[in-house]
Each structure stands twice: as C-alpha cells, then as structure tokens.
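For the record, the sequence lines run as chains H and G.
Per our numbering, the very first residue in the first sequence carries number 382; after that it's consecutive.
Per our numbering, the very first residue in the second sequence carries number 949; after that it's consecutive.
Just so you know, these hints were derived from the structure itself, not from any lab.
Even for Gly, the Cβ is constructed at its ideal location relative to N, Cα and C.
Watch out, some of these pointers could steer you wrong.
Far from chain H, by Cβ distances over 10 Å, these chain G residues were calculated [to be verified]:
no.	residue
1	Thr994
2	Gly1045
3	Pro1172
4	Thr1194
5	Gly1215
6	Asp1280
7	Leu1285
8	Asp1311
Taking lysine-lysine and the DSS-like style, the derived pairs with C-alpha atoms no more than 27 Å apart in a straight line are [said to hold, decoys possible]:
no.	chain 1	residue 1	chain 2	residue 2
9	G	Lys1033	G	Lys1258
10	H	Lys500	H	Lys390
11	G	Lys1221	G	Lys984
12	H	Lys390	G	Lys1367
13	G	Lys1224	G	Lys1202
14	G	Lys1104	G	Lys1070
15	G	Lys1011	G	Lys984
16	G	Lys1367	H	Lys398
17	H	Lys500	G	Lys1148
18	H	Lys468	H	Lys507
19	G	Lys1104	G	Lys1033
20	H	Lys401	H	Lys468
21	H	Lys398	H	Lys475
22	H	Lys403	H	Lys507
23	H	Lys401	H	Lys475
24	G	Lys1224	G	Lys1258
25	H	Lys401	G	Lys1367
26	G	Lys1033	G	Lys1099
27	G	Lys984	H	Lys507
28	G	Lys1367	H	Lys403
29	G	Lys1202	G	Lys1104
30	G	Lys1033	G	Lys1070
31	G	Lys984	H	Lys500
32	H	Lys507	G	Lys1367
33	H	Lys401	H	Lys500
34	G	Lys1202	G	Lys1070
35	G	Lys1099	H	Lys390
Chain by chain, the residues run as shown.
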Amino acid sequence: MSLEDDLYKEIILENYKSRKNKARIEQADLQSEGTNPSCGDDVELFIRLEGERIAQITYDGMGCSICCASANLLCEALTGRTIAEAKDIMTHYKGMLLEGEEPDFPEEISDLEAMQGVKNYPVRIKCALLPWNTVANMVSERER
Amino acid sequence: MSITKEGKPDKNTSAALNIDQIRRDFPILSEPMRGKPFVYLDNGATSLKPQCVIDEVVRYYSKIGANIHRGVYEFSETASLLYDKARENVARFINAGPDGQIIFTKGATEAVNLLGYGWGYKNITEGDEIVVSELEHHANFVPWQMLAQRKGATLKFIPVDPHDGSIVLDDLDTIITEKTKLVAISAMSNVTGYMPPVGKIIAAAKAVGAVTVVDGAQLVSHHPVDVQELDCDFLVFSSHKMLGPTGVGVLYGKSDILRYMDPFLYGGDMILKVRKDITTFQELPGRFEAGTPNIAGVLGFGRAIEYLEKIGMENIQKHERDLLEYATARADEIPELEVYGSRDLDRRGGIFSFNVAGVHPHDTGAILDQEGIAVRTGFHCAHPLIQILGVPGTTRASFYLYNTRNDIDRLMDGIERVKGVFL
C-alpha cells in the first residue's frame, strides 16, 4: 500500500481541509484540550448537550492532516448521538486502529473507515486517536 | 565551493572532506529505508555511528567485560585505563586544561540537572535571579525553571527576535544584573541552528559574578570548541550527537566551583569512607560519578572523539557550512518554502528548519519518510521558541559530516512530492 492509499486518501484530505466543524462553542457543556507533546498536535473539543444528546460538537486547534481529519470525522459522526451511542462509536473506532478490528460503522458514518489505513503507520495512530481520546476523557470526567 | 545545482560531478566531494570515504565508515548509510537509499538528516536528534565506535563497544563486551575502579585483575585494570583514556580524550577535545574537569553523566540533560541540584540547591536563594534565553532546549530550561520555582528565585529571559529566532541583546544590562546568580545559554539552537553571541553573554555574566552554563549539545558535535577561550564555568554536551553511543554525556566544569558543590547522586564508587554516621566523598571528578557508569558507552565515545579529531572539526564545520549554503540556495527556488533562522549564515550551524506553506510538519515528515529521508518534525523540545516563532512546529533537516549535496537534492525532491499531495 502506498502512502496515498493509506494516509492521504481523498476522504482524509477532504476532512482535513474542511472547516465545517472547526469552531469554538462559547458556553460549552463539555470542553477539553488534548496534546501530543512530541509532534505538535493540539486540539480542543467542545460539546453542547441537550439532555443526554450531543446537540453540537466542534473542535479547534492545530494539528497534522491525520489529527484534523480525525477531529472533523469525529464531529460528523457524533453530532446528534446520545452519549451512550457516542461511546459505542468511540470504542469501535479505537478497536479499528488499535486492535485491527474490521470496521462496521452505520452507513451514514462509514467515512470513518477511511482512517483504517492509519493503523499501518504506528507513529500516526496517536494523531488519529487524539481527538477521540480527548472526547472520551470529557465524557468520563462528566460521569465521575 | 560554488552553489550550483549543476555541480553534480563533485557532489560527494567537499573542499574539506572525502565524503565517499567517510560514508563507507557508517554501516547504516547502506541500509535502505522504506525501500529507498537512506538519507539521514536528523543529526540534531542523534548522529549515526562509524564502524570503529561500534567495534569499540563490542570489544569491551567481548574482550574486557569487567567493571572499572574495583577489580585487582587484568581485565578490570584494562577497563579502568581505557575509561580514563576516554576522559583524557574529551578533555583534549575541548581543551579543558589543568583547571577543568570532565564528568561523565548519562547525557547532557543529566549534566544540567546535576548542576541544578548540585550547584543550584546550595547557592540559589529567594530573590536571586537566573537568566536563560528564550531559545533553549527544554533540557537547559526546565531544570532552571524548577529550581527558580522551588527556591523562590526569578527566571529571566534573554529575548528572541520572532522574525528569525536570533537573540536580542539590546536590554542585556537590565536582564543580567547584580541579582543574577546563574546564566544558562545554548551555544547553538537545535531548532534553527542559530548561534548566539555566547562570548558577550558570558562576559556580561562574569561582570556581575554570575556562574555561566553553556549548552553545547549542538555546537560541540559540529564545531571546534575551546572551553578556556570560551571561558564558561560549565559546558554540557552528549556523546550520541557526536558519533558516540547513547547514554553518555559530559559535564565540563571548573574545578574551583565543582569542589564546593554537593554531589548529585550518592552511592558506590563516589565515596571515600562510609561510616554509620558519616560519609566522605571522592575527589573530583569521582564524587560526581556514582555507581557503575556506562563503560562501553564511554569507551565508544573515546573512540568517536579520536575519529572526529582525525577528520578535524574545522573541516566538519566547513563541510556543513557548504551544505547549509546549498540548501538555502535550493530553498530559494521553492516559493512555498518557509525557512526559519537567521539569514546571516555566519551565525548558523548546519541546521535547516522549514515548513511547506500550509502543510503541517508532521505531514511533511511522513511523506519524506516514504522517500527514505529522515527528518525531525514538531517542537524539537523547545516549546517556548516555537511559540515565539508562531508556527505549528517545523520540519528540521540537520547535517553532519557524512551528508552530501545529493542528500539535499533528495530532500528538495521530497518537498516537491509534499506539494503534490497537499497543495
């Protein structure tokens, strides 16, 4: 597999360049920052809740294409979901990258499968996981 | 040497060095990376090792094996002699002179921490001032920041010009004052290769009686250094950045100051006498080398220094200057390239830091990797400087004696591929 097949495929580059979910929510219900100190990825995630449902989720910050694409895909995938549904998707996503599980996302968020090739590049896995780990931390903090 | 892209026939020669011959001494250079001929441009992080250094490490483990300063038998005696000889090599290499000491640590980082604990905890008190520059590597920054915080001292900064990462000396006399007890400065930025006017800063520190620490991790490996000429109190550097093994660093220090410092690590080998109620310590430098050191590493380092001396540090400096000029000229042909660091190449070592406009350095590095080219990307353990430069990290190509103009051509070809994917 070439780099363009695995890492820099069109879906990833589109999500990287998309600014659709790149914004700050002023009065967010949940907010947290994630950093990869060695490579310089630094993203902040914002969630506005309506009850148990994620009404809006956005990100801001600086990062590589994999990190930013991953953040954008995350926002697309989790908007409108309940916290429980979001956790399920997050587990699934991590399993795809860390355990080599075959992805089986619902049709409307199957773009997430584009990230599967990242698992072949161990140093980039942390870029692809950073926004997801950040959201996972926010959610578990809330449940404490 | 002229800076011409067409100079292909003499690509692997240099005014100063026979590069083809040197390259044959480094076995890793013939290992393909990602299936392509390996281009190693990450010397700022660590250097490759010549066969003679690898052989020396193997020789210790296969022919000597024994600990130092302990055994009464032949192999231990041999180990001790070779260890001491390596120390002499280091002393000669930086011209430590009769008033200087060479202390082996596990790295430049440990050497700075040794000073923070051994000198700092004893001599810094509330209200004192410690001065560093804004371009420091974390290794010459965080230990001083922590010391200042724990002692209630103030950490002050020699500022950096955000345009090119050079040091601004305009207000030096308000930064280094009678309250200044210690000044710590890097002799070469690991991000931009910029070389601060260390002599002026040391002179200003001495004028107020402050102790001076120079971080030579980048400079000592690439340029000739004479500590007596430099006149700093302390100099730290590491073996692995100058062809030696990892896990060995050096603290050079003036005996007059070291003698009144507390040991940093306590344990075996650094003591003179231990009683149930009191312990006395070895003379210099032994009191700062507790426990069994990295003997194989030190022996390999001693060999690395002999190798560097044979080639000549002036020649290495000239060769890297040639590569820097060539890289700078080639970069000028690529409008999308943002290059960081002073345009005055006399103030630069062989470090070429850049970004492809709009592309995150991590992505640039990943594509270069696919082309068999090793560079460093990110913050380079210098967060404060990266923040001042206002960039999301940089891509850094750093040169050494075995690099060629061909390596830089390969880098520029790789940058074209980065543009192809992202722009």
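Evaluation of the provided hints:
1. Thr994: Answer for threonine 994(G): holds, closest chain H Cβ roughly 15 Å.
2. Gly1045: 39 Å, holds
3. Pro1172: Non-interface label stands for proline 1172(G): nearest chain H Cβ at 32 Å, farther than 10 Å.
4. Thr1194: 18 Å, holds
5. Gly1215: 32 Å, holds
6. Asp1280: About 26 Å separates aspartate 1280(G) from the closest Cβ of chain H, which puts it past 10 Å; holds.
7. Leu1285: 18 Å, holds
8. Asp1311: 5 Å, violated
9. Lys1033(G) / Lys1258(G): Satisfied, since the Cα-Cα distance of roughly 17 Å is no more than 27 Å.
10. Lys500(H) / Lys390(H): Distance ~14 Å between lysine 500(H) and lysine 390(H) Cα, so the pair holds.
11. Lys1221(G) / Lys984(G): 58 Å, violated
12. Lys390(H) / Lys1367(G): Given pair lysine 390(H), lysine 1367(G) holds - Cα atoms ~15 Å apart, limit 27 Å.
13. Lys1224(G) / Lys1202(G): Judged against 27 Å, a Cα distance of about 32 Å means the pair is violated.
14. Lys1104(G) / Lys1070(G): 20 Å, holds
15. Lys1011(G) / Lys984(G): Roughly 37 Å separates the two Cα atoms, so the pair is violated.
16. Lys1367(G) / Lys398(H): 15 Å, holds
17. Lys500(H) / Lys1148(G): 51 Å, violated
18. Lys468(H) / Lys507(H): 19 Å, holds
19. Lys1104(G) / Lys1033(G): 40 Å, violated
20. Lys401(H) / Lys468(H): 23 Å, holds
21. Lys398(H) / Lys475(H): Holds: lysine 398(H) and lysine 475(H) sit about 23 Å apart, inside 27 Å.
22. Lys403(H) / Lys507(H): 20 Å, holds
23. Lys401(H) / Lys475(H): Holds, because 23 Å separates the two Cα atoms, which is no more than 27 Å.
24. Lys1224(G) / Lys1258(G): 50 Å, violated
25. Lys401(H) / Lys1367(G): 24 Å, holds
26. Lys1033(G) / Lys1099(G): Answer violated: lysine 1033(G) to lysine 1099(G) is near 39 Å, above 27 Å.
27. Lys984(G) / Lys507(H): 26 Å, holds
28. Lys1367(G) / Lys403(H): 24 Å, holds
29. Lys1202(G) / Lys1104(G): 24 Å, holds
30. Lys1033(G) / Lys1070(G): Violated - the C-alpha atoms of lysine 1070(G) and lysine 1033(G) are around 32 Å apart, more than 27 Å.
31. Lys984(G) / Lys500(H): Answer holds: lysine 984(G) to lysine 500(H) is near 22 Å, not above 27 Å.
32. Lys507(H) / Lys1367(G): 24 Å, holds
33. Lys401(H) / Lys500(H): With a Cα-Cα distance of about 26 Å, the restraint between lysine 401(H) and lysine 500(H) holds, given a limit of 27 Å.
34. Lys1202(G) / Lys1070(G): 17 Å, holds
35. Lys1099(G) / Lys390(H): 53 Å, violated
Against the hints set out earlier in the document, violations occur for numbers 8, 11, 13, 15, 17, 19, 24, 26, 30 and 35.
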